[in-house]
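Q: Residues per chain, in single letters:
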Amino acid sequence: MMTVATVEAPSTSIEALYRQDGDRLWRALLAYAGDPDVASDAVAEAYAQLLRRGGAVRDAQAWVWRAGFRIAAGELKRRSDAAAAASTNRIPAVAHIDPGVDHDLLDALAQLPPKQRAAVVLFYYADAPIRDIADRTGMTQLSVRVNLNRGRQRLKEILGDGSND
Amino acid sequence: MTDQPNDPRDRFRSLDRQDAPDLWSEATARAKATPARTSWLPRFGGGLAVAAVVVVGVIIGLQLAGPGSPTPGGPLPSPSDGDVVSASVVDGDYQLTISAPKATWGTDEAIEVEATLKYLGADESVELWGSGGGLIGFGLDEVAGNYDMSPAFNADCAMHTISASEPITSPFVKSGGYSPDDPGAAYWEAFFADPELHLSQGEWVVSASASFDAGETCTANPTYMAVEINLTVEGAGEPSAEPSESAEPSVEPSVEPTPELPQFACDMPISLTAAGSSLHPLLTQDIRVGTHDGFDRIVFEYDGGTPFLELDVAREPFVKDPSGEPMEVAGSLVYRITLTGATKWDLSGDPAVLVYDGPTDFEPGYPQIVQFVESGDFEATHSWYLGTNGSECLRAFTLNDPRRLVIDIQH
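If you read the protein sequences in the order shown, they are chains A and R. For the first sequence, the positions run 569 to 733 when my numbering is used. For the second sequence, the positions run 2 to 412 when my numbering is used.
I should point out that these hints are in silico values taken from the structure, not numbers from a laboratory. These numbers were taken from a predicted model, which means no experiment stands behind them. All C-beta atoms, glycine included, are put in the ideal place defined by N, C-alpha and C. Warning: the hint list may mix true and false statements.
[To be verified] With a straight-line Cα cutoff of 30 Å, these simulated BS3-like cross-link-like pairs (lysine-lysine) come out: (1) K33/R / K645/A; (2) K645/A / K683/A; (3) K321/R / K645/A.
[What the hints assert, rightly or not] Not close to chain R: a few residues of chain A, all C-beta gaps over 12 Å, as computed: (4) Q629; (5) Q679; (6) P697; (7) I698; (8) D700; (9) L710; (10) R713; (11) V714; (12) R718.
Here chain R stands alone, though its shape is the one from the complex:
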């Protein structure tokens, strides 16, 4: 100790001798990629959250403000005043407003809805933490029908700045997922393929929700706000289960899945949202590998849905989850595969049942898959390492009947 300088600042300056990595390309890649970071997913609870985020009809703790709302005065729906229809709700220092330029639309019209989150407090600005995809989500509910879309938020955590003079405004964003087994799958397939908001004939409740946290993280003190308006859609009497015609190239509704394989992506990470699951972790039924003309393939098979996938380049040290013990992975370029909301254990009974009892360490000697090895199955997060011969381009997608999550590694 005696050799060390007495001024703490001098001791801290020794940090300047440390080479810092160049992270600019990593930052730009992340900025372009889907803003989802596995490390922000809360464990187990996160599995639930991710499942809930993408499942149509699952309420994710968002209670539509209505009679009995704890907010001062509750929501303030405005009757159709002139053409504009809007409603607001206030919670503490925040006001959420949803509006549309008119209350009645045609089935062939692109419906315009937007929501604004306003800060009413005394500070110049505040930082709110929430989904990197935005703090505002939207929902739909067909009053006399079966179609509804719950607000969905990415389960990552990002900082958003809001000030009194600069509220956060968002146009209507479609979110959520659907199960191909859903009788309305064709409707939703066409709905999500349409870049604009078209609705079938009928009465619709359109809601906006804000989900954020004013604390240091996204889970310290979450705030949920929601508000809704009613819209009428008039049409020529087409069946309400069919999406309306659009000026955009129409998408033929099809109950049969017509998987069109995505292009290989060379920018990491790759992520896939969960789909068609329930609130319980998905059970892994089978895991297999294969090699094809031009690519090697990994297939995870599940019951009833597919989990949230994050696929990214992994750097040493490779570790087991959750012990953190180091592990060896063969291959010149290694990827980490994280499946949130899935496990190979069925914990619903006593004793627990190992649903998938096949291999968890593959060394098939394929052109690209050198080693594919499980690194953890803990709290509904199933993680793997994939050691390759250097392939930089992969793709991930899902297939149905049975539900499968597929990862292809380009040769």
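Bound conformation, chain A alone:
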């Protein structure tokens, strides 16, 4: 017997999640990607994919953070590949950022490799434990520890402050 599952998307609860958590995800992705457009694209796409899945996702918040970071990572990689031919490998300069945001921090983050950047942002901004960082980035927990450690070390060198907890 053929069955076609149709799941009514609980868009109201997803919208509630977006209203509660969407800005935070966007800011985390801004810190990670260094580009508001990448952050916006990743957030919109992650929530669009979540909406398409409706009730099929068990932990919507964890899922959408995971999707957002991976979408942004894919976009950065694509840009990086394209930029390789154009002689620059840096992520785009930050623009349209509120003066109240710590620009030195964003500049420092932009100098970290992507995995270190993701680990540091999720650890410091999203207060995510190692296990969740691994979950959201696709890294192993060991890899998260290594990247977090190196990322913190590098941030400390660049910023010259007490970024050692």
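With chain A's structure known, arrange chain R on it following the hints.
A: Okay, now just chain R, sitting in the frame of chain A:
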């Protein structure tokens, strides 16, 4: 630096001063729209992929598992056991199964086929990346005839969760495209118009394919699996080139294209799949603009097919591809037009030939087209910006003889 707090967490909290855009309406619009994102299309390779995705008869790297399959034991076709016919293939931690409730069908029956992708590994669940349209595709091959349909996958990239207890199951989905020049165009026109699966009399191989990537992206470590079953379709002897009668309103096969213009769409993005192309990028023969009663029109003319189109609202900064240099575009509402799998350069010879050497910056002063300007022609991706006087509703479609891709902007 000395003014900055020492605790990195405090420095990160400064991010909270940044206003975040409200992206909810964008997310809901994307959720309703065709799940295709230009930014996920790999460059040049993507041009090839998109062309391959939609061209009947082009194999997109999917090798039907058969003798010599590297999978343990290869596919496991089950003979008609009772009524059910099914086959499975295992690759690593994944099992793909295709099944039908019986092996013999009538030409007037809606054939039921489904496929299931099961995760056999030890984790509770895993995330697989692949086409937003689904990880499973289907193919058809008429054993003694000329008709075949290769599995097609959208070239976007989306995450799918699969667990041991919740496999991914898909009913048969028709996919692919055809060229109006194809002698079987009438057959395919009727086939794709029929919401159910009806096949003409004969022996058919029905295949399911799974295409996914367990890595961070859709291109890191792709896995392809495919498996097939044989079905017999018995009928009253109608010509095999004709589609069978359906309970649904029948579609009159017609070799002549009868373009019925689509409605204007006010939800972006608009996308069109590529059609009737080859593995080589399409060559742009002509580009022209015009104004009509109620709309302005842009026409791209090609040889032999039409490329993948993505049309979406563009926001500043407008940039050239691939340099990223900023560029000015006039108009109060600007759209980005991306044509993947097309170029105005014929690179097959030495030296390369500029096939279309006409204007690449139009400012015709029409009611809606303020400026229509090329932003890039790079690695088989031809991109343009369209500056308008604020029209929010557009439509895109293709015409034949010659092959044209048309974009209308409503007045």
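Q: For each hint, tell me whether it holds in the structure or not.
A: Tested hints:
A C-alpha spacing of about 27 Å is found between K33/R and K645/A, which places the hinted pair at or below 30 Å, so the restraint holds. Of the pairs offered as hints, the one joining K645/A and K683/A holds, with about 12 Å between alpha carbons and a cut-off of 30 Å not exceeded. Of the supplied pair hints, the one linking K321/R and K645/A holds, its CA atoms being roughly 19 Å apart against a limit of 30 Å. Q629/A, annotated as away from the interface, keeps every beta carbon of chain R farther than 12 Å; the closest lies near 14 Å.
For Q679/A, the non-interface assignment is confirmed: its Cβ lies about 15 Å from the closest Cβ of chain R, beyond the 12 Å cut-off. Distance check on P697/A: its Cβ is at least 14 Å (rounded) from any Cβ of chain R, clearing the 12 Å threshold; non-interface status holds. Every CB of chain R is more than 12 Å from the CB of I698/A (nearest about 16 Å), matching its label as outside the interface. Listed as a non-interface residue, D700/A keeps its Cβ farther than 12 Å from every Cβ of chain R; the least gap is roughly 15 Å.
With a least beta-carbon separation of about 16 Å from chain R, L710/A lies farther than 12 Å from that chain, consistent with its non-interface assignment. At roughly 17 Å from the closest C-beta of chain R, the C-beta of R713/A stays outside 12 Å, upholding its exclusion from the interface. For V714/A, the requirement that its beta carbon stay farther than 12 Å from each beta carbon of chain R is met, with the minimum near 17 Å. No beta-carbon of chain R comes within 12 Å of the beta-carbon of R718/A; the shortest separation is about 14 Å.
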